[in-house]
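Starting from the given sequences, assemble the full structure and let the hints guide the process.
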Amino acid sequence: MNISKENIDALNAVIKLTVNKEDYEQRVSDILKDYRKKVNMPGFRPGKVPAGLVKKMYGKGVLVEEVNKLISENISKFITDNELDLLGEPMPSENQEVIDFDTQDSFEFSFDVAVAPEVEIKLTKREKIPFYNIEITDEMMDQQTKSITSRFGKSETVDAVTETSLVKGDFVQLDEAGSVLEEGIAAEDAVLSMTVVKTEDDRKKLLDAKNGDVIVFDPKVAFPSETEVSYLLKITKEQAAELCGNFQFTIKEIIEFNHPELNQELFDQAFGEGVVSSEEEFKNKVRENIQDTLNQESEYRFNLDARAKLMKKVDVEFPEAFLKRWLLATNKDNEKMTAEQLEKDMPHFLEDLKWQLIKNNLIKAHDLKIEDNDMLEYAKKSARLQFMQYGLSNVPDEHVNNYAVEMLKNEEQRRNFAEGAINEKVMAFIKEAVKLDEKEVSREEFNKLFEKK
Amino acid sequence: MKVIIKPIVTEKMTEQGETLNRYGFIVDKRANKLEIKKAVEEFYNISVESVNTMVYGGKEKTRYTKSGIIAGRTNSFKKAVVTLVEGDKIDFYSNI
Chain A
1 MNISKENIDA LNAVIKLTVN KEDYEQRVSD ILKDYRKKVN MPGFRPGKVP
51 AGLVKKMYGK GVLVEEVNKL ISENISKFIT DNELDLLGEP MPSENQEVID
101 FDTQDSFEFS FDVAVAPEVE IKLTKREKIP FYNIEITDEM MDQQTKSITS
151 RFGKSETVDA VTETSLVKGD FVQLDEAGSV LEEGIAAEDA VLSMTVVKTE
201 DDRKKLLDAK NGDVIVFDPK VAFPSETEVS YLLKITKEQA AELCGNFQFT
251 IKEIIEFNHP ELNQELFDQA FGEGVVSSEE EFKNKVRENI QDTLNQESEY
301 RFNLDARAKL MKKVDVEFPE AFLKRWLLAT NKDNEKMTAE QLEKDMPHFL
351 EDLKWQLIKN NLIKAHDLKI EDNDMLEYAK KSARLQFMQY GLSNVPDEHV
401 NNYAVEMLKN EEQRRNFAEG AINEKVMAFI KEAVKLDEKE VSREEFNKLF
451 EKK
Chain B
1 MKVIIKPIVT EKMTEQGETL NRYGFIVDKR ANKLEIKKAV EEFYNISVES
51 VNTMVYGGKE KTRYTKSGII AGRTNSFKKA VVTLVEGDKI DFYSNI
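Protein sequence lines, in the order shown, are assigned to chains A and B.
Residues in the first sequence are numbered from 1 upward in steps of one, following the working numbering.
Residues in the second sequence are numbered from 1 upward in steps of one, following the working numbering.
Think of the hints as simulated: they come from the structure by calculation, not from any bench.
C-beta atoms are modelled at their ideal positions from N, C-alpha and C, and glycine is treated no differently.
Heads up, a few of these hints could be off.
If you want the ones that stay clear, here's a sample from chain B, every Cβ over 12 Å from chain A, calculated [claimed, not checked]:
| # | residue |
| --- | --- |
| 1 | 3 |
| 2 | 67 |
| 3 | 68 |
Lysine to any residue pairs mimicking SDA-like chemistry, simulated, CA-CA at most 25 Å apart [to be verified]:
| # | chain 1 | residue 1 | chain 2 | residue 2 |
| --- | --- | --- | --- | --- |
| 4 | A | 234 | A | 248 |
| 5 | B | 89 | A | 47 |
| 6 | B | 89 | A | 45 |
| 7 | A | 33 | B | 88 |
| 8 | A | 38 | B | 20 |
| 9 | B | 89 | A | 51 |
| 10 | A | 56 | B | 85 |
| 11 | B | 12 | A | 32 |
| 12 | A | 220 | A | 233 |
| 13 | A | 369 | A | 353 |
| 14 | A | 237 | A | 248 |
| 15 | A | 55 | B | 7 |
| 16 | A | 122 | A | 312 |
| 17 | A | 344 | A | 308 |
| 18 | A | 56 | B | 94 |
| 19 | B | 29 | B | 79 |
| 20 | A | 354 | A | 422 |
| 21 | B | 89 | A | 102 |
| 22 | A | 56 | B | 6 |
| 23 | A | 33 | B | 8 |
| 24 | A | 48 | B | 94 |
| 25 | A | 237 | A | 173 |
| 26 | B | 6 | A | 52 |
| 27 | B | 89 | A | 25 |
| 28 | A | 21 | B | 93 |
Computed footprint of chain A on chain B, listed as stretches where at least three residues anywhere in the stretch have a Cβ under 8 Å from a Cβ of chain A [stated by the list, open to error]:
| # | segment |
| --- | --- |
| 29 | 12-22 |
| 30 | 81-93 |
So, in structure tokens, the structure goes:
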């Protein structure tokens, strides 16, 4: 067994290895012996098949397999022994000689490898990365309060129509003279919302109307779009487009949505019993909620900025040709992955790779590690986020914990979480290492930051 | 005179081939050890260390059938067990 590395240039190298007969002979014969005991061949009792015959039938396959195993074992050993930092995986060289397993005794293989370029990053307090704090406006407070309270609001039937009511009733089409059109369009139990009524006149007509009142108006004038009309009258859009003339609307029910009062009952419902006991505390809690979400956004922005900054600091070259080949080979089964597609994605991929290198460098240089605990924390966080998406903001800790543990059992999820956790660590580290340029911005200004990109 | 008539392919001989490097042949009765050695060496292109021979006598065989008794005698033959020089091998299955 001979293994050696030849550098082509700074980024490309060839690993050459020769496999001799002594290297594989023992292993192959051991396996064949094992085969002999198991193989079932007509004409022979099991275990009595002549060795020569077994070798003839399975020898080549076993040999190829063993040689392959030997190669991968030795290459990975070589890489770890020499502490080579590689990009991608070793690929069989393009000018590899064809190997004839029948006649040759020793085989020579050569593999192309791409050496990861050296990246060095020094973070000092002299670097400035902006960190945007978003101001919380009263408007945001109001909105958040409303969205919390509206979850616990109730619908009630009331006597008279107001600006925000939902009105339920029957539509009947009228002719030009104002009497009911026979075989005209009629829709029962249509629900219209006062907030969509467009024209002032019609709104006045409806306002303060009582149960049982009959109101005449033209829906095409009163409502903004044909979709609305077709939905109300239960007809198709095309029919709605051709529609004209007045309709008679008989009110059957008026529904009003009530925002609940800010009282102890609501506090308990919204944040769990006993957590909030006064309006002041409620407001603080709401502010906290907003702060949380805004913090996440600020953090995200910081991530982007930090990444951009670090990427600019480092300039590396990649063995593109090799990486292209490697990507094509690994995505062979993926039909979408064509040469043109690759050409397009390449800059993107290189960016990611560069970032990956920077990250690895930071991790290595500063000994950042993730432990199971970190992973669990991260899983818990993302579990909580998931619950939040479903509107469950008060899931008990125990529940989240169970869910997180469950998620960690999945191999793929686990890897994702590990990735996420290490990312967080790196970001936290960067945040420590550089000087934060904290800025107060309003929501709009913050959003504009993203548009520029 | 054709010395080697046929190789003996049995479990017993296969076993011996693998462990002791010995192979069995049925040979012409008139051939002596030297002739057998030469014939095997030439045919399989290997070198022979030693040859042991034995002559099996034919057996009386009788069978009772509807149309009376059939009586006969199996052939007598000479068997040679050839030990090869270490490292050499004969592959009886090479042409399947």
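We went through each hint and held it up to the structure:
Every beta carbon of chain A lies more than 12 Å from that of residue 3/B, the smallest distance being close to 23 Å; the non-interface claim holds. At the 12 Å boundary, the C-beta of residue 67/B stays outside the reach of chain A, the nearest C-beta of that chain being 35 Å off. Non-interface call for residue 68/B relative to chain A: holds, since the shortest CB-CB distance, roughly 37 Å, exceeds 12 Å. Proximity of residue 234/A to residue 248/A is assessed by CA-CA distance (about 15 Å); at most 25 Å being required, the pair is judged to hold.
With a CA separation close to 20 Å, the supplied pair residue 89/B and residue 47/A stays within the 25 Å bound. A hinted pair counts as satisfied when its Cα atoms are at most 25 Å apart, and residue 89/B with residue 45/A qualifies at roughly 23 Å. Taking the CA atoms of residue 33/A and residue 88/B, the gap is about 19 Å. The hint holds against a cut of 25 Å. Note on residue 38/A and residue 20/B: the hinted pairing holds, with a Cα-Cα distance of about 23 Å set against a maximum of 25 Å.
The straight-line distance between the Cα atoms of residue 89/B and residue 51/A is roughly 12 Å, inside the 25 Å bound, and the hint therefore holds. At roughly 22 Å between alpha-carbon atoms, residue 56/A and residue 85/B fall within 25 Å of each other, so this suggested pair holds. At most 25 Å may separate the alpha-carbon atoms for a hinted pair to count; residue 12/B and residue 32/A meet this at roughly 20 Å. Of the pairs offered as hints, the one joining residue 220/A and residue 233/A holds, with about 11 Å between alpha carbons and a cut-off of 25 Å not exceeded.
In summary, the hint linking residue 369/A to residue 353/A is supported, as the alpha carbons are separated by about 20 Å, within the 25 Å threshold. At roughly 20 Å between alpha-carbon atoms, residue 237/A and residue 248/A fall within 25 Å of each other, so this suggested pair holds. Between the alpha carbons of residue 55/A and residue 7/B the distance comes to roughly 20 Å, so the proposed pair stays at or under 25 Å and holds. With a C-alpha separation of about 13 Å, the suggested pairing of residue 122/A with residue 312/A holds against the 25 Å cut-off.
For the given pair, residue 344/A sits about 21 Å from residue 308/A by alpha-carbon distance, which is consistent with the 25 Å threshold. Proposed proximity of residue 56/A and residue 94/B is supported: the alpha carbons are some 8 Å apart, at most 25 Å. For the hint pairing residue 29/B with residue 79/B, the CA-to-CA distance comes to about 8 Å; that is within 25 Å, so the pair holds. As the CA atoms of residue 354/A and residue 422/A are separated by approximately 16 Å, the hinted pair is consistent with the 25 Å bound.
For the given pair, residue 89/B sits about 18 Å from residue 102/A by alpha-carbon distance, which is consistent with the 25 Å threshold. Of the pairs offered as hints, the one joining residue 56/A and residue 6/B holds, with about 22 Å between alpha carbons and a cut-off of 25 Å not exceeded. The hinted pair formed by residue 33/A and residue 8/B meets the criterion: a straight-line CA distance of about 23 Å does not exceed 25 Å. For the hint linking residue 48/A to residue 94/B, the alpha-carbon distance of about 18 Å falls within 25 Å, and the restraint holds.
Straight-line distance between C-alpha atoms of residue 237/A and residue 173/A comes to about 17 Å, which keeps the hinted pair within the 25 Å bound. Distance hint between residue 6/B and residue 52/A is fulfilled; the C-alpha atoms sit about 19 Å from each other, no more than 25 Å. Between residue 89/B and residue 25/A, the direct Cα distance comes to roughly 17 Å. Compliance with the 25 Å bound is thereby established for this hinted pair. Between residue 21/A and residue 93/B the CA atoms are separated by roughly 24 Å; this keeps the pair inside 25 Å, and the hint holds.
Coverage of a stretch by a chain is defined here by at least three residues with a beta carbon nearer than 8 Å to that chain's beta carbons; for the segment 12-22 of chain B and chain A the count is 3, and the condition holds. With 4 residues having a Cβ less than 8 Å from any Cβ of chain A, the segment 81-93 of chain B passes the three-residue criterion, so the hint holds.
The structure agrees with every numbered hint stated previously.
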